[in-house]
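Chain by chain, the residues run as shown.
There are 2 protein chains.
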Amino acid sequence: MRWWGWGSEGHEGGLPQAAEAFLVHELELDPRRPLPARVDLEDVTLSHGAPDELMKPLADVVGNANVRADRLTRVAHAAGKSYPNLVRMRSGDASEAPGAVVYPGSHAEVDSILALCARTGTAVIPFGGGTSVVGGVDPVRGAFANAISLDLGRMNRVLGVDERSLTATLSPGMTGPETETALGRRGLTLGHFPQSFEFATIGGFVATRSAGQASTGYGRIDELLLGLRCATPAGELVSKPLPASAAGPDLRELLVGSEGTLGVITEATLSVRRSPMSRRYEAWSFPGFEAGTEAFRSLEQGGAAPDVARLSDEEETRMSLALAASRGGRRAALTRRAGSAYLTMRGHEGGCIAIVGWEGEAADVARRRGLSARLLRRTGGISLGQGPGRSWARGRYAGPYLRDDLLDRGVMVETLETATEWSNVRSLHRSIALALREALAGRGTRPLVMCHISHLYPSGASLYFTFLARQETGAEIEQWRAAKGAATDAIVAAGGTVTHHHAVGRDHAPWMRAEVGDLGIELLRAAKERLDPRGVMNPGKLLPAGG
Amino acid sequence: MRWWGWGSEGHEGGLPQAAEAFLVHELELDPRRPLPARVDLEDVTLSHGAPDELMKPLADVVGNANVRADRLTRVAHAAGKSYPNLVRMRSGDASEAPGAVVYPGSHAEVDSILALCARTGTAVIPFGGGTSVVGGVDPVRGAFANAISLDLGRMNRVLGVDERSLTATLSPGMTGPETETALGRRGLTLGHFPQSFEFATIGGFVATRSAGQASTGYGRIDELLLGLRCATPAGELVSKPLPASAAGPDLRELLVGSEGTLGVITEATLSVRRSPMSRRYEAWSFPGFEAGTEAFRSLEQGGAAPDVARLSDEEETRMSLALAASRGGRRAALTRRAGSAYLTMRGHEGGCIAIVGWEGEAADVARRRGLSARLLRRTGGISLGQGPGRSWARGRYAGPYLRDDLLDRGVMVETLETATEWSNVRSLHRSIALALREALAGRGTRPLVMCHISHLYPSGASLYFTFLARQETGAEIEQWRAAKGAATDAIVAAGGTVTHHHAVGRDHAPWMRAEVGDLGIELLRAAKERLDPRGVMNPGKLLPAGG
Numbered sequence: 000m001r002w003w004g005w006g007s008e009g010h011e012g013g014l015p016q017a018a019e020a021f022l023v024h025e026l027e028l029d030p031r032r033p034l035p036a037r038v039d040l041e042d043v044t045l046s047h048g049a050p051d052e053l054m055k056p057l058a059d060v061v062g063n064a065n066v067r068a069d070r071l072t073r074v075a076h077a078a079g080k081s082y083p084n085l086v087r088m089r090s091g092d093a094s095e096a097p098g099a100v101v102y103p104g105s106h107a108e109v110d111s112i113l114a115l116c117a118r119t120g121t122a123v124i125p126f127g128g129g130t131s132v133v134g135g136v137d138p139v140r141g142a143f144a145n146a147i148s149l150d151l152g153r154m155n156r157v158l159g160v161d162e163r164s165l166t167a168t169l170s171p172g173m174t175g176p177e178t179e180t181a182l183g184r185r186g187l188t189l190g191h192f193p194q195s196f197e198f199a200t201i202g203g204f205v206a207t208r209s210a211g212q213a214s215t216g217y218g219r220i221d222e223l224l225l226g227l228r229c230a231t232p233a234g235e236l237v238s239k240p241l242p243a244s245a246a247g248p249d250l251r252e253l254l255v256g257s258e259g260t261l262g263v264i265t266e267a268t269l270s271v272r273r274s275p276m277s278r279r280y281e282a283w284s285f286p287g288f289e290a291g292t293e294a295f296r297s298l299e300q301g302g303a304a305p306d307v308a309r310l311s312d313e314e315e316t317r318m319s320l321a322l323a324a325s326r327g328g329r330r331a332a333l334t335r336r337a338g339s340a341y342l343t344m345r346g347h348e349g350g351c352i353a354i355v356g357w358e359g360e361a362a363d364v365a366r367r368r369g370l371s372a373r374l375l376r377r378t379g380g381i382s383l384g385q386g387p388g389r390s391w392a393r394g395r396y397a398g399p400y401l402r403d404d405l406l407d408r409g410v411m412v413e414t415l416e417t418a419t420e421w422s423n424v425r426s427l428h429r430s431i432a433l434a435l436r437e438a439l440a441g442r443g444t445r446p447l448v449m450c451h452i453s454h455l456y457p458s459g460a461s462l463y464f465t466f467l468a469r470q471e472t473g474a475e476i477e478q479w480r481a482a483k484g485a486a487t488d489a490i491v492a493a494g495g496t497v498t499h500h501h502a503v504g505r506d507h508a509p510w511m512r513a514e515v516g517d518l519g520i521e522l523l524r525a526a527k528e529r530l531d532p533r534g535v536m537n538p539g540k541l542l543p544a545g546g
Numbered sequence: 000m001r002w003w004g005w006g007s008e009g010h011e012g013g014l015p016q017a018a019e020a021f022l023v024h025e026l027e028l029d030p031r032r033p034l035p036a037r038v039d040l041e042d043v044t045l046s047h048g049a050p051d052e053l054m055k056p057l058a059d060v061v062g063n064a065n066v067r068a069d070r071l072t073r074v075a076h077a078a079g080k081s082y083p084n085l086v087r088m089r090s091g092d093a094s095e096a097p098g099a100v101v102y103p104g105s106h107a108e109v110d111s112i113l114a115l116c117a118r119t120g121t122a123v124i125p126f127g128g129g130t131s132v133v134g135g136v137d138p139v140r141g142a143f144a145n146a147i148s149l150d151l152g153r154m155n156r157v158l159g160v161d162e163r164s165l166t167a168t169l170s171p172g173m174t175g176p177e178t179e180t181a182l183g184r185r186g187l188t189l190g191h192f193p194q195s196f197e198f199a200t201i202g203g204f205v206a207t208r209s210a211g212q213a214s215t216g217y218g219r220i221d222e223l224l225l226g227l228r229c230a231t232p233a234g235e236l237v238s239k240p241l242p243a244s245a246a247g248p249d250l251r252e253l254l255v256g257s258e259g260t261l262g263v264i265t266e267a268t269l270s271v272r273r274s275p276m277s278r279r280y281e282a283w284s285f286p287g288f289e290a291g292t293e294a295f296r297s298l299e300q301g302g303a304a305p306d307v308a309r310l311s312d313e314e315e316t317r318m319s320l321a322l323a324a325s326r327g328g329r330r331a332a333l334t335r336r337a338g339s340a341y342l343t344m345r346g347h348e349g350g351c352i353a354i355v356g357w358e359g360e361a362a363d364v365a366r367r368r369g370l371s372a373r374l375l376r377r378t379g380g381i382s383l384g385q386g387p388g389r390s391w392a393r394g395r396y397a398g399p400y401l402r403d404d405l406l407d408r409g410v411m412v413e414t415l416e417t418a419t420e421w422s423n424v425r426s427l428h429r430s431i432a433l434a435l436r437e438a439l440a441g442r443g444t445r446p447l448v449m450c451h452i453s454h455l456y457p458s459g460a461s462l463y464f465t466f467l468a469r470q471e472t473g474a475e476i477e478q479w480r481a482a483k484g485a486a487t488d489a490i491v492a493a494g495g496t497v498t499h500h501h502a503v504g505r506d507h508a509p510w511m512r513a514e515v516g517d518l519g520i521e522l523l524r525a526a527k528e529r530l531d532p533r534g535v536m537n538p539g540k541l542l543p544a545g546g
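These protein sequence lines map, in sequence, to chains X and Y. Note that numbering that gives the first Met the number 0 has the first sequence beginning at 0, numbered continuously upward. Note that numbering that gives the first Met the number 0 has the second sequence beginning at 0, numbered continuously upward.
The set of hints was computed from the structure by calculation and includes no laboratory data. Just so you know, these numbers come straight off a predicted model, no measurement behind them. Virtual Cβ for every residue (Gly too), placed ideally from N, Cα, C. Be aware that one or more of the hints could be misleading.
To be verified - Stretch-level coverage of chain X by chain Y, calculated; a stretch enters the list once three of its residues show a Cβ under 8 Å from a Cβ in chain Y: (1) 163-169; (2) 412-421; (3) 508-521.
Claimed, not checked - One side only, chain Y facing chain X, incomplete, derived with CB under 7 Å: (4) 95; (5) 492; (6) 496; (7) 497; (8) 500; (9) 520; (10) 521.
Make a model of the complete structure from these sequences and hints.
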């Protein structure tokens with residue numbers, strides 16, 4: 000992974016010229032202004048490395064080859080992939096870089112490293128794919144002189160598959176593609192496809208309570224997780240992989256979402272499914288976001304929810320169509336024009352587009368698709384066919400690459416997400432959009448604020464916002480903080496959750512007290528004090544400062 | 000509720016004579032032996048009542064009328080409905096009775112009572128329907144001089160319904176029927192029907208992590224619960240009713256199943272559904288338990304699970320048929336004989352019977368029934384029609400009444416339940432059955448040991464055992480302890496959970512360390528110390544003694 004952005008070296012940028020023109024116009028970019036330069040690796044500012052008296056015992060546990068303190072390794076672990084992370088890294092600031100990066104090979108090695116770090120007062124930052132967009136892997140030292148990143152990349156094996164129970168026990172360092180490849184060989188899938196899929200890991204999914212693009216169908220990671228094994232500074236914690244139990248509080252749910260602050264997940268047993276033989280993604284049009292929301296609600300509550308369900312609001316739809324219009328030839332343009340005329344005639348001009356998808360056995364997909372389509376039509380939807388659906392599927396992991404292209408052009412781009420009851424979706428959507436527009440326009444940087452519903456639940460849905468604005472050169476972080484703060488305050492005030500699947504990390508920690516209350520913070524702290532009495536596990540994350 | 004058994008006074012017993020003959024033969028009962036007498040209320044041994052210096056401040060909080068210390072009230076709260084509870088109560092031993100029973104009317108009153116009890120060192124036993132079958136409401140004083148039962152019966156209102164989000168916020172003291180009646184008026188249902196449905200409460204469901212007979216379809220209570228409000232000795236704890244969140248560990252899951260040891264649930268927001276317009280229950284026959292288990296697995300993993308799914312093993316099937324044969328007239332007998340001949344011809348003699356049921360809109364039930372039936376036929380099932388299904392539905396809450404009839408006849412009857420992966424169902428089933436048979440036969444009381452699969456999950460299923468034996472007069476508890484201990488040891492050794500939906504209470508507490516490990520116990524204890532520092536909340540439950 001590139002230390003300054005997304006993807007591996009050599010991946011080409013891909014912002015089409017017409018899209019650039021659209022953004023220049025929308026964001027009032029000045030094409031003549033100088034673009035921010037990206038600092039070379041050699042010029043990055045690094046903090047001091049780990050002292051020899053730490054390097055030596057670390058190497059005693061994992062071997063010399065598995066403790067690294069070279070510049071590239073340290074810089075590559077100095078941050079995750081949040082917007083502030085990228086701004087900082089591009090400017091050459093890796094002053095938070097870990098003193099060393101340790102690559103354990105087993106539960107026992109993780110256990111020994113944690114004991115060593117607790118003994119020596121060394122902060123430990125568990126590191127999976129490093130894809131956190133909320134500062135979750137930032138190597139905050141806290142009160143300690145040294146910090147190490149614990150990269151789980153070597154622990155990437157399938158530990159067991161039970162084809163009868165449809166479960167798989169996986170090592171935490173397996174990435175999305177490694178998992179799907181290994182399971183795919185047996186005709187199985189985990190079905191967990193967040194936008195970070197290409198790099199994110201099993202341990203990271205579980206530790207951040209993640210959801211994927213098809214989680215409406217397959218279930219969130221907390222619904223797929225059956226059991227896990229953790230190493231903590233206080234010892235081993237095991238939650239047995241049971242289908243269900245009434246044996247008291249569910250301690251597994253205390254570890255899911257613990258973001259490395261309690262310990263390190265070393266094994267996870269998850270429900271898997273048979274690989275889908277068939278996949279069908281379609282686009283549907285609705286007269287507006289409210290109509291589409293009601294259609295999605297009726298799908299979900301009518302037991303006819305597709306596996307993938309995304310509904311763009313008017314602004315996201317407008318942006319998508321503008322970008323799509325910049326691609327394709329004359330014939331595509333004509334088809335689009337004809338389609339657009341038809342939608343106008345049907346009262347869908349300026350409307351919203353949804354992507355819906357089904358996966359499974361062919362007959363099952365056909366049956367379920369029929370069920371959904373009947374309901375979508377009844378609630379005012381118009382099918383736009385599989386073309387745009389396939390196009391969405393092709394670009395489903397493209398977002399973070401596009402972000403690099405935008406940053407290259409001096410454009411701030413950030414996403415945030417929440418969830419709420421169906422009866423509150425409209426009001427929450429408006430509050431957040433308004434807060435973002437006011438916060439950014441108030442700074443003189445007129446934004447594009449777009450949103451889509453990304454996951455459906457019987458009682459509500461998630462809202463996923465993307466916002467863009469011209470970067471304030473020299474005040475990038477302040478600008479971001481103003482927008483992010485305004486949006487999160489609006490979320491709290493309007494009854495949403497501060498995060499639906501990005502997790503808490505560093506960026507949402509200040510709002511955790513509003514999320515779980517004073518006594519909730521006390522409970523989290525009680526768990527932490529019991530499992531990590533010295534407080535070395537991922538300092539500065541999850542819990543609010545001083546909380 | 001009768002203090003010595005199940006149901007309200009006046010409910011008639013109903014063990015048919017032929018069933019009695021069957022049991023006399025199977026359990027080697029001696030029809031001439033004297034039957035145990037039930038003690039009259041006046042002769043029940045009671046502990047000392049609450050002292051005036053406690054009664055007075057309790058009354059100051061809830062009013063004089065809502066603190067009771069009369070004999071009947073205290074005796075009725077002296078135990079739940081476990082087998083040892085009933086043996087003890089029938090013998091007139093209410094020496095554990097609470098000093099008083101307090102009936103709070105609001106969250107604020109609960110809060111004040113908890114503060115008062117923490118201050119005075121008084122044990123508090125939250126009491127919903129009092130239907131615990133694991134000693135969960137036994138008024139254990141622990142280290143304290145006094146104990147009160149906190150009966151939530153007055154807190155039985157619907158606090159809010161959101162018909163768009165399909166959620167209801169309910170008071171903890173609402174019973175199953177009160178809930179269904181109130182929701183039914185709006186065309187809604189919670190869909191939670193444990194065998195204790197008639198008396199158990201919302202707060203009890205949540206506090207014990209319960210599952211109902213239709214939970215394969217509707218979901219367990221932990222899957223229905225969205226948010227809750229708790230009063231704890233350390234203050235108020237609120238978990239917002241969000242459809243989903245990634246904001247750290249799920250603290251709601253720490254309160255679900257906490258069995259009154261952390262605090263008192265004063266509000267619960269739950270997912271509800273539209274009332275089913277149509278219900279269809281059927282019986283199916285399988286050549287044996289293993290074949291039936293495989294059929295159920297294929298249903299569940301094929302996305303075709305019914306809402307109710309129960310598969311009796313050979314022994315439970317034999318007992319059910321024997322009891323059924325004792326009912327009905329000549330015509331029914333002839334029909335049965337013809338049916339039985341047909342099953343013999345098809346190789347199902349000595350086989351197993353399953354009950355499957357679907358609920359919802361008529362068209363939906365028909366569609367889903369078709370889907371299930373195709374799969375059941377493909378996996379060797381033979382439909383026995385709706386007759387036995389309806390008969391099961393009529394008797395779905397009869398078990399605990401029947402238990403009273405059996406106790407009247409000197410028969411021990413107990414149930415226990417567990418869950419495990421599909422690949423382990425067969426082995427766990429055998430281990431438990433063997434342990435129970437050996438433990439009881441070894442004491443000279445030949446048992447009937449029966450089992451059914453009661454709930455389906457993608458990765459596994461629950462096993463629900465019922466066992467009967469001639470009571471050992473004068474050693475009823477020792478006999479029970481031997482059987483229960485052998486079965487639970489077998490569960491632990493064979494990889495099941497110590498409880499799938501009965502909860503931990505007092506009876507399973509000794510196995511909690513085996514269930515969650517040393518560090519798991521530490522975590523539970525850390526939560527308890529933070530929320531209930533004085534340890535007044537429901538002593539002796541959930542956590543192992545000295546743990």
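- Should the hint that residue 521 of chain Y touches chain X count as held when the rule is a Cβ pair under 7 Å? Constraint on residue 521 of chain Y satisfied, holds at 6 Å.
- Per the CB criterion, is residue 520 of chain Y less than 7 Å away from chain X? 10 Å, violated
- Message: For the region 163-169 of chain X, count the residues whose Cβ lies under 8 Å from any Cβ of chain Y; is that count three or more?
- Response: Holds, because 4 residues of the region 163-169 of chain X bring their Cβ atoms closer than 8 Å to Cβ atoms of chain Y.
- Within the region 412-421 of chain X, is the number of residues with a Cβ closer than 8 Å to a Cβ of chain Y three or more? holds (count 4)
- Item | Supplied contact hint for residue 496 of chain Y, tested at 7 Å Cβ to chain X | 4 Å, holds
- Return the status of the interface hint for residue 95 of chain Y: holds when the least beta-carbon distance to chain X is below 7 Å, violated otherwise. 22 Å, violated
- Query: Any CB of chain X closer than 7 Å to the CB of residue 492 of chain Y?
  - Reply: Hint violated; residue 492 of chain Y Cβ to chain X Cβ min 13 Å, cut 7 Å.
- Do the numbers back the hint for residue 497 of chain Y, that is, is its least Cβ distance to chain X under 7 Å? 5 Å, holds
- Message: Hint validation: residue 500 of chain Y versus chain X, beta carbon distance must be below 7 Å. Holds or violated?
- Response: 5 Å, holds
- Whether chain Y covers the region 508-521 of chain X (at least 3 residues having a Cβ closer than 8 Å to its Cβ atoms): This one holds; 8 residues, not fewer than the three required, reach chain Y with a Cβ under 8 Å.
The structure does not agree with the numbered hints 4, 5 and 9 stated previously, though it agrees with the rest.
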